[in-house]
Amino acid sequence: MKKLALAILALAAISLGMVAPASAQLRVDVTQGNIQPLPIAIPDFIGDPSGAQIASVVRADLDRSGLFRPLDPKSFVEQVKDINTIPNFANWRVINAQALVTGQVTSQPDGRLRLDFRLWDVAGGSQMVGLQYYTTPDNWRRIAHLVSDAIYQRITGEKGYFDTRIVFISESGPATNRKKRLAVMDEDGANPKFLTSGSYMVLTPRFNPTAQMIAYMSYIAGKPRVYLFDMETGKQEMLGNFPNMTFSPRFSPDGNKVVMSLESGGNSDIYVMDLRTRSVSRLTSDPAIDTSPSYSPDGTQIAFESDRGGSQQVYVMNADGSNVHRISFGGGKNGTPVWSPRGDLIAFTKQAGGAFRIGVMHPDGSGERMITDGWEDEGPTWAPNGRVLMFGRTERGGRGSSVWSVDVTGRNERRVTTPGAASDPAWSPLIQ
Amino acid sequence: MIKISTVLKFAAVASVLALAACTDKPKAVETAPPPTSMSSSTTSSIVPGSAEDLRVNVGDTVHFDYDAYNITDEDRSVLQRQAAWLAKYPSVRVTIEGHCDERGTREYNLALGARRANSVKEYLVSVGVSAGRLDTISYGKERPICTESDEGCYAQNRRGVTTITGGANS
Chain A
1 MKKLALAILA LAAISLGMVA PASAQLRVDV TQGNIQPLPI AIPDFIGDPS
51 GAQIASVVRA DLDRSGLFRP LDPKSFVEQV KDINTIPNFA NWRVINAQAL
101 VTGQVTSQPD GRLRLDFRLW DVAGGSQMVG LQYYTTPDNW RRIAHLVSDA
151 IYQRITGEKG YFDTRIVFIS ESGPATNRKK RLAVMDEDGA NPKFLTSGSY
201 MVLTPRFNPT AQMIAYMSYI AGKPRVYLFD METGKQEMLG NFPNMTFSPR
251 FSPDGNKVVM SLESGGNSDI YVMDLRTRSV SRLTSDPAID TSPSYSPDGT
301 QIAFESDRGG SQQVYVMNAD GSNVHRISFG GGKNGTPVWS PRGDLIAFTK
351 QAGGAFRIGV MHPDGSGERM ITDGWEDEGP TWAPNGRVLM FGRTERGGRG
401 SSVWSVDVTG RNERRVTTPG AASDPAWSPL IQ
Chain B
433 MIKISTVLKF AAVASVLALA ACTDKPKAVE TAPPPTSMSS STTSSIVPGS
483 AEDLRVNVGD TVHFDYDAYN ITDEDRSVLQ RQAAWLAKYP SVRVTIEGHC
533 DERGTREYNL ALGARRANSV KEYLVSVGVS AGRLDTISYG KERPICTESD
583 EGCYAQNRRG VTTITGGANS
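Order-wise, the sequence lines are chains A and B.
Every letter in the first sequence is one number past the one before it in this note's numbering, and letter 366, counting from 1, is 366.
Whatever position you read off the second sequence (first residue = 1), add 432 for this note's numbering.
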């Protein structure tokens, strides 16, 4: 991973001297709940044959976001022959494209690929982005995602989330004896990889802030405990040496700590372990179930679930365990809180009226609204820009588990491509 | 589902046998020779002190109400039989599994399953079983025995199961 990241160099913005500064008019507001996707033309990139594949991944990324509508290349009247000349915008206006992406891939003498791309405002007739990347040929998908992120960011004003990965639980076999394996894939479902064999059950994986480490729960050797998986070495390590079950791990925003539940005598409380010193501190001491801890992005607070008030509800406490207060008052049972990377919202699972749904609320509990409507939706995870969530969906009667994504507005719900049945998705930060 | 249909089939065979017993004219039925190289254990031959003995003759499972982990009156008689059986076979060690129905989030159910397993353990200790012989494990909602999304299945899945981990006869 590190190696890959280093291999990608985004050079200074390139521009055509004669082009006027970008107009500020071409913009998509991602906060709106009901917007028209922006029609965008992305012809196959010229030059190296990989240019066609790269453009098709960019089209798929932007289409999946729900904010863009990539136009069918068959409708294009102009063929891009040179990306260093100004396009004939009339030819793009006539097919109602509002934005145009042109790109070129060239193979370098050292074997690397060089990609140049430009994002154009068709109505304004101006360049909005011009960027250049170098990478190894096997890394072409990441370049495509970086292009998608650059387009998304320029047009929405928000950071993208396409150059990210998803860790999840891959499921197979009958519901009564489900095989559950740790797996990772790119955000678009490409490059799926199994990290554990399936001979023991694993649950609830979560990335650390560099996406190099995964914390998860494993039943290896018949003892359910929290483990760490190192993406670089492939090594699994039991976290600490606790006498009883440890579960529900999640990293602190600086990656130096893991907060989790430890069960003792049937009771579950929340503890935090410092990964540098391996010292453990207890954060809750209550005869109730205390679990599903999730840090605020500034690391000062922890949201968690507890049934200390009689039913499962969402609480927030300071990172040292002080100032515990309930925040969910919207009815039903509420659990699995996950703090948005932006800090403005907490996503959670609500159990009410016989169904499990994903909702969001502000950290003070206000503004609660539901964003999914499944039979059993649970365990939300945030895209690094805080605009999109993924979650697990289970069908009635053990008829399959799948991963879905939905915008925080509740629109654009889509099934995420996974190799077979899947659950417990966790989104990585943007890959460094 | 498979289990249910097997039970039904068995019931059907049993009723046919019962009817046959009522008719007064015995009919000769050809009997297949027993398998030669295997011990013929077709009739009930549960080894006393075995895992099967615990499961079939004592009862290895207790059930819980929704989102609850208290031991019910019905559970008590099962657990008292388990305690008596464990007293009879003092070398047996067991792990008590706590399970939940699907109507709870994953991590909450792991915690609830731990509560249930611990309730069973505490009750067994209260009636004289040494705590050192009893381990617990929670499977949350990950190991249902019944997969329909209805109360009938949920009730079967909310369970504590006493499983032998060592020292049993076989």
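Quick caveat, the hints were computed from the structure, so don't treat them as lab data.
Do not rely on the hints blindly, as some may be mistaken.
Said to hold, decoys possible - If you only want the chain B side, here are some residues facing chain A, beta carbon under 7 Å, derived:
#1 Ala483
#2 Arg487
#3 Gly491
#4 Glu539
#5 Tyr540
#6 Ala543
To be verified - Label-pair restraints from in silico Cβ distances:
#7 A/Ser172 x B/Gly584: 46 to 56 Å
#8 B/Glu583 x A/Gly173: 53 to 63 Å
#9 B/Ser509 x A/Val280: 12 to 22 Å
#10 B/Ser523 x A/Asp298: 20 to 30 Å
#11 B/His495 x A/Asp63: 48 to 58 Å
#12 B/Ala516 x A/Arg342: 55 to 65 Å
#13 A/Gly255 x B/Gly599: 52 to 62 Å
#14 A/Ser322 x B/Ala519: 44 to 54 Å
#15 A/Glu232 x B/Gly491: 24 to 34 Å
What the hints assert, rightly or not - Stretch-level coverage of chain B by chain A, calculated; a stretch enters the list once three of its residues show a Cβ under 8 Å from a Cβ in chain A:
#16 500-508
#17 579-585
Every value quoted in this text rests on a predicted model; they were computed, and no experiment measured them.
Every residue gets a Cβ at the ideal spot worked out from N, C-alpha and C, and that includes glycine.
Here is what the structure says about each hint:
no., hint, verdict
1, Ala483, "violated (16 Å)"
2, Arg487, "violated (17 Å)"
3, Gly491, "violated (20 Å)"
4, Glu539, "holds (4 Å)"
5, Tyr540, "holds (5 Å)"
6, Ala543, "holds (4 Å)"
7, A/Ser172 x B/Gly584: 46 to 56 Å, "violated (26 Å)"
8, B/Glu583 x A/Gly173: 53 to 63 Å, "violated (25 Å)"
9, B/Ser509 x A/Val280: 12 to 22 Å, "violated (41 Å)"
10, B/Ser523 x A/Asp298: 20 to 30 Å, "violated (56 Å)"
11, B/His495 x A/Asp63: 48 to 58 Å, "holds (49 Å)"
12, B/Ala516 x A/Arg342: 55 to 65 Å, "holds (60 Å)"
13, A/Gly255 x B/Gly599: 52 to 62 Å, "violated (45 Å)"
14, A/Ser322 x B/Ala519: 44 to 54 Å, "holds (48 Å)"
15, A/Glu232 x B/Gly491: 24 to 34 Å, "violated (50 Å)"
16, 500-508, "violated (count 1)"
17, 579-585, "holds (count 3)"
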